[in-house]
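Spelled out, the chains give:
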Amino acid sequence: MRFETAVALRYLAASRRRAHVALVAFISIAGLAVGVLALVVSLALLSGFQDRIRRQMMERTAHLRVSPARGARLAEPEKVRAALEKLPGVQRVSPAIEGRAWAFNAAVPGVVPVPVRYRSAADRPSAAHGAVISGAIAARLHVQAGDEIRLASSRTRLSPIGLLPVTAVVPVDEVRLGSALDKPGEVEVSVETARVLSDTATGAGAYEARLERPAEAERAARAVQAALGPSYRVETWRELNGPLAFALRLEKAVIFFTVGLIILVAALNIVSNIAMTVIEKKRDLGVFTAMGAAPASLERIYLALGAAIGAVGTVAGIVLGAGISIALDRYGVVPLPSDVYMLSHVPFAVHPVEVAVIGAFAFATAVAAAVLPARAAARLAPGEAIRLSR
Amino acid sequence: MTGFETRTSNAEAVNAPLAIRAEDLSKIYTGEGAPVTVFSGLSFAVEEGVLAAVMGPSGVGKSTLLHLLGGIDRPDSGHVEILGASLDGMRPRDRARFRNENVGFVFQFHHLLPEFTAEENVAFPHRIAGVPEREARRRARARLARGGRAARGHHGARALSGGEQQRVAIARALARGPRLLLADEPTGNLDAAAAHSVFELLRELHRERRMTTVVVTHNPDLAARCDRLFAMSREGIAASVRLPERG
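These protein sequence lines are chains A and B, in that order.
In terms of my numbering, the first sequence is residues 4 to 393.
In terms of my numbering, the second sequence is residues 929 to 1175.
These aren't lab readings, by the way, just hints derived from the structure by calculation.
Each residue gets a CB set at the ideal place from its N, CA and C atoms; glycine is no exception.
Mixed in with the good hints there might be a few duds.
[Stated by the list, open to error] Listed next, the in silico DMTMM-like pairs over lysine to aspartate or glutamate satisfying Cα-Cα at most 25 Å (straight line):
hint : chain 1 : residue 1 : chain 2 : residue 2
1    : A       : K186      : A       : E254
2    : A       : K285      : B       : D1022
3    : A       : K82       : A       : D126
4    : A       : K186      : A       : E101
5    : A       : K186      : A       : D176
6    : A       : K285      : A       : E302
7    : A       : K285      : B       : D1004
8    : A       : K285      : B       : E1092
9    : A       : K186      : A       : E238
10   : A       : K186      : A       : E62
11   : A       : K285      : B       : E960
12   : A       : K186      : A       : D126
13   : A       : K285      : B       : E1029
[Stated by the list, open to error] Now the stretches of chain B that chain A is said to cover, found in silico as 3 or more residues with beta-carbon under 8 Å:
hint : segment
14   : 998-1005
15   : 1014-1025
16   : 1050-1057
Next comes chain A alone, as it looks inside the complex:
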């Protein structure tokens, strides 16, 4: 251990013998620990919810989507299907068909219809499947799972009495609640229903594929793009959910910086603690200088003191924060109304990478807080420090 580190650690350990220094040291360490704890718990809370959103993203979004670079329909749908089916580890390839419609309550006349956007869902290939609607649509149409809705497409067909909208009556299979993935006006229907509503007997606007390993979607996308050429656009599930993923990241960054302010406030305590130690140990600085310590060495003593305070506070905060988060999640301490959130309790997830970032931020802040008093220590006139400490 370097001599500067040994001195800093001894100063920190010995501070408990001097009540006023011990109090300030305790406040510095506790302040930092509380800041780290708050940040760990806050991010664990966000991660708990966001992990569920990401899981849903993986489960419900296509992992690859091929659409025409220009135009609304694929010129060679079979070529696209074949290119996707050739991919190693592909689980399912299905057409993506979308359009606009009005949704009605099929059983109760008089309920105001709702404008919706329907889209085919890969896991609902046949007409045997009903629709999945959002909680908002269900509320406006006064329907629940098991009821029927009528979808009237914006497309029309010619009938003996003139143009009529294409319609389909489908049962509601599921009402989704509280998912960030759900767009309020979107209805998932079977591929066959979507074909009827969009009047697309064959082909599709796009093809979607689900992969065994979604993490390798980028590599698969490159292979498909190479096979199909530039007239097709190949997107991965990350790109398809880019805006949502960005929003999730932004949310986390905002929480990090706002809750992280506690750590910055704690850093001010560290500045005062180290400045107080510099004043109290002024004589020691003179003695170290007399023994041959260079100014940079004196500076390192106080940087090491900042690092020691930072390390103790950070580790304490991480241990407490992670412990609390894990306990809150395991024992479901914070309940949620399950009819609103589809969750029985608030989920917490501790991510090691995030904890490492918090730890690095807190530690770096503590060391940075020591820079000013450490530089002041290096600039002290050692002769004066010895002379005045008689």
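Chain B: place on chain A using the hints.
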């Protein structure tokens, strides 16, 4: 001052190579109040291997002079040359290394670091020089053992008596085997018996090692046992040289 011949300039006493050559030094303290001139135009020289005493009233700048000679403070003007090396142009890092290798300091109030044991205090000059902790402590133990203080090595500085503290402080000053020892009233805070004992230790070490030693003291009896006596006043510094028959 019987036994000493007073000279107006100590330059005349110089025959052997000089360990200390300080010329035309001035030092001004600028604090919150008006600047205080401690001394101005002060010259001072000591030959190698000499045990010199510096006496004078309080406030004439004896301690300041030692700090300038040891390079822990810088003069506002003038030149300091120690053991043939000029301190004037040295960078702070080089001056620190020079001090670590060549200069030992002993202070009136021992200035042992209270958070550390006697052994750790004596090991510090080695640690500062980059010697690994285990080796530094081994050397410190050996140094304390030579002064008969090995058993007290693990005691905290506060647990030692005044005399013991000063002996440990001397051991610390000698840790790196310096060629110049600067002692600022090393017995000023001790009772007569302890002061005598500590001063005899300094004399003995000086005899053994032939290192140049400058002792600031207010005690004329102790000063009389040195090779040279320098009387410092507001006007400057006058050198007294021990007469040959008294040596």
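These are the hints, each one checked on the structure:
| no. | hint | in the structure |
| --- | --- | --- |
| 1 | A:K186 - A:E254 | holds (19 Å) |
| 2 | A:K285 - B:D1022 | holds (22 Å) |
| 3 | A:K82 - A:D126 | holds (22 Å) |
| 4 | A:K186 - A:E101 | holds (14 Å) |
| 5 | A:K186 - A:D176 | holds (17 Å) |
| 6 | A:K285 - A:E302 | holds (12 Å) |
| 7 | A:K285 - B:D1004 | holds (23 Å) |
| 8 | A:K285 - B:E1092 | holds (24 Å) |
| 9 | A:K186 - A:E238 | holds (20 Å) |
| 10 | A:K186 - A:E62 | holds (16 Å) |
| 11 | A:K285 - B:E960 | holds (18 Å) |
| 12 | A:K186 - A:D126 | holds (18 Å) |
| 13 | A:K285 - B:E1029 | holds (23 Å) |
| 14 | 998-1005 | holds (count 3) |
| 15 | 1014-1025 | holds (count 4) |
| 16 | 1050-1057 | holds (count 5) |
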